[in-house]
Amino acid sequence: MKAWDVLARIPDPEIPAISITELGIVRSIAERGAAVEVAITPTYSGCPAMRMIEEEIVGELKSAGFAEVTVRTVLAPAWTSDWIAPGARDRLKAYGIAPPGRVHLFPKAVSCPRCDSARTERVSEFGSTACKAHYRCLECLEPFDYFKPL
Amino acid sequence: MATKPEFVLRLGDNALILGQRLAEWLGHGPALEEDIALANVSLDLIGQARLWLACAGRLEGQGRDEDRLAMLRAQHEFRNCTMLELPNGDYALTVVRRMLFDAYQCVLLARLAQAPEDEVAAIAAKSRKEADYHWRHSADWTVRLGDGTEESHRRAQAALDQLWDYTHELFASDEVDPDAAGLREPWLALVEPVLAQATLAIPAPSRFLSTGKRGVHSEHLGHLLAEMQILPRSHPGAQW
Chain A
3 MKAWDVLARI
13 PDPEIPAISI
23 TELGIVRSIA
33 ERGAAVEVAI
43 TPTYSGCPAM
53 RMIEEEIVGE
63 LKSAGFAEVT
73 VRTVLAPAWT
83 SDWIAPGARD
93 RLKAYGIAPP
103 GRVHLFPKAV
113 SCPRCDSART
123 ERVSEFGSTA
133 CKAHYRCLEC
143 LEPFDYFKPL
Chain B
3 MATKPEFVLR
13 LGDNALILGQ
23 RLAEWLGHGP
33 ALEEDIALAN
43 VSLDLIGQAR
53 LWLACAGRLE
63 GQGRDEDRLA
73 MLRAQHEFRN
83 CTMLELPNGD
93 YALTVVRRML
103 FDAYQCVLLA
113 RLAQAPEDEV
123 AAIAAKSRKE
133 ADYHWRHSAD
143 WTVRLGDGTE
153 ESHRRAQAAL
163 DQLWDYTHEL
173 FASDEVDPDA
183 AGLREPWLAL
193 VEPVLAQATL
203 AIPAPSRFLS
213 TGKRGVHSEH
223 LGHLLAEMQI
233 LPRSHPGAQW
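Residue numbers (this note's numbering), protein chains in the order written: chain A, 3 to 152; chain B, 3 to 242.
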């Protein structure tokens, strides 16, 4: 699908290591000739990046030849971090962000994305963006972000 | 039963007014982590407020969008409960107020996730995930402060003493929200264990009932609105 391939190249504005399709916020695409409608869902209600993501989707699809692009927001089902693509989890880790645990599984220790130690502690439930918590590794002593399971 | 537009307005105004109060902490938090935490919670609440107010505008069908509802209504048209408009006070008051409200959000949003209107149910299901997260943070801090030092305990108890009577309003059923009273028990089931762990005593019962959700507010809301609304009121239609 052409539109999907275009969207798969748009990085998330706050975590550019992964794309918006890998983040799981693109919920549907309907192509009708030169027209395309994309449905996206916010990670968090107050995510300030949503407007920018919308503008990028419109811009990129227009440059890819779609004359008419509409983006609508859907809320149900609510986004979950379980929708993050498997390959993107590895890239989050390589980028220095511990990937989220599965929402309904027994919570595992959060491993340090740098040294893999499970000896870590939470500094704060809240971090630099709505979707991250702030952790510290007790082995290598580096602070790091944890993508919160939601 | 169908959800009334005025009830949705209450949901939006609760989120908006507490979101605005928490935003006042920006740059003034007692620690960097807490500063960031309050900013994050504020952002979630303002995001929820946008969704609820947009929904309320559609349900009432008079062409008012979320910006107009947030920025161009006067004090008596706001439907938030009074507790949320009170000034922030110290960190104990900010934390205990959030704990009382976050617990209410958890039980209320769980109920609304079953609402007959798809949009109401969707916003509630989405917001509830965030409310759970907020609740963990404010309950944790209530315990830390209540069961902390002598000074932090004194302040947390003073905050609870000041706020407790305002929670009656949350559970006062009326024609807009006939099911409000039914939430008190599940709410207490969340709040009581936290207060016990925090070694905080629930104040003696009183008949005080605040009336913010009916549009009759304390003297504090006007000041908050003056600050929040000044830009769109002095420069109508301003954009950047």
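Mixed in with the good hints there might be a few duds.
Said to hold, decoys possible - The calculated lysine to any residue pairs, modelled on SDA-like cross-linking and capped at a C-alpha distance of 25 Å, are:
hint	chain 1	residue 1	chain 2	residue 2
1	B	K6	B	G217
2	B	K131	A	H136
3	B	K131	A	R74
Said to hold, decoys possible - What the simulated footprint calls covered on chain B by chain A, stretch by stretch (three residues with Cβ under 8 Å from a Cβ of chain A suffice, anywhere in the stretch; the number is not a length):
hint	region
4	48–60
5	120–134
Said to hold, decoys possible - Some chain B residues judged to face chain A by a derived CB distance under 10 Å, without partners named:
hint	residue
6	G21
7	L28
8	P32
9	E35
10	E36
11	I38
12	A39
13	V43
14	L45
15	D142
16	Q231
17	I232
Derived from the structure by calculation, the hints contain no laboratory data.
Keep in mind that this is a model prediction, so the values were computed, not measured.
For glycine and all other residues, C-beta sits at the position ideal for the given N, C-alpha and C.
A quick look at each hint next to the structure:
At most 25 Å may separate the alpha-carbon atoms for a hinted pair to count; K6/B and G217/B meet this at roughly 16 Å. For a cut-off of 25 Å, the pair hint linking K131/B to H136/A stands: about 19 Å separates their Cα positions. Between K131/B and R74/A, the direct Cα distance comes to roughly 22 Å. Compliance with the 25 Å bound is thereby established for this hinted pair. Residues of the region 48–60 of chain B lying with their CB closer than 8 Å to a CB of chain A number 5, which satisfies the three-residue condition for coverage.
With 10 residues having a Cβ less than 8 Å from any Cβ of chain A, the region 120–134 of chain B passes the three-residue criterion, so the hint holds. Given hint, G21/B at the interface with chain A, holds; its Cβ is 8 Å from that chain's nearest Cβ, closer than 10 Å. Restraint check, L28/B versus chain A: the minimum CB separation of about 13 Å is more than 10 Å; hint violated. Checking P32/B against chain A: minimum C-beta separation of about 12 Å lies over 10 Å; hint violated.
Annotation: interface hint on E35/B holds; nearest CB of chain A at approximately 4 Å, less than 10 Å. With its C-beta approaching chain A no nearer than about 8 Å, E36/B sits inside the 10 Å limit, and its interface hint holds. Against a cut-off of 10 Å between C-beta atoms, the interface hint on I38/B holds, since the closest Cβ of chain A lies about 5 Å away. Because the beta carbon of A39/B sits about 4 Å from the nearest beta carbon in chain A, less than 10 Å, this interface hint is met.
A cut of 10 Å between beta carbons decides the hint on V43/B: the least distance to chain A is about 8 Å, and the hint holds. Taken as an interface hint, L45/B checks out: its beta carbon lies about 4 Å from the nearest beta carbon of chain A, inside 10 Å. The beta carbon of D142/B is positioned within 10 Å of a beta carbon in chain A (closest approach about 8 Å), and the interface hint is therefore held. At a threshold of 10 Å, the smallest CB-CB gap from Q231/B to chain A is about 19 Å, leaving the interface hint violated.
Taken as an interface hint, I232/B does not check out: its beta carbon lies about 21 Å from the nearest beta carbon of chain A, beyond 10 Å.
The structure shown violates the earlier hints numbered 7, 8, 16, 17.
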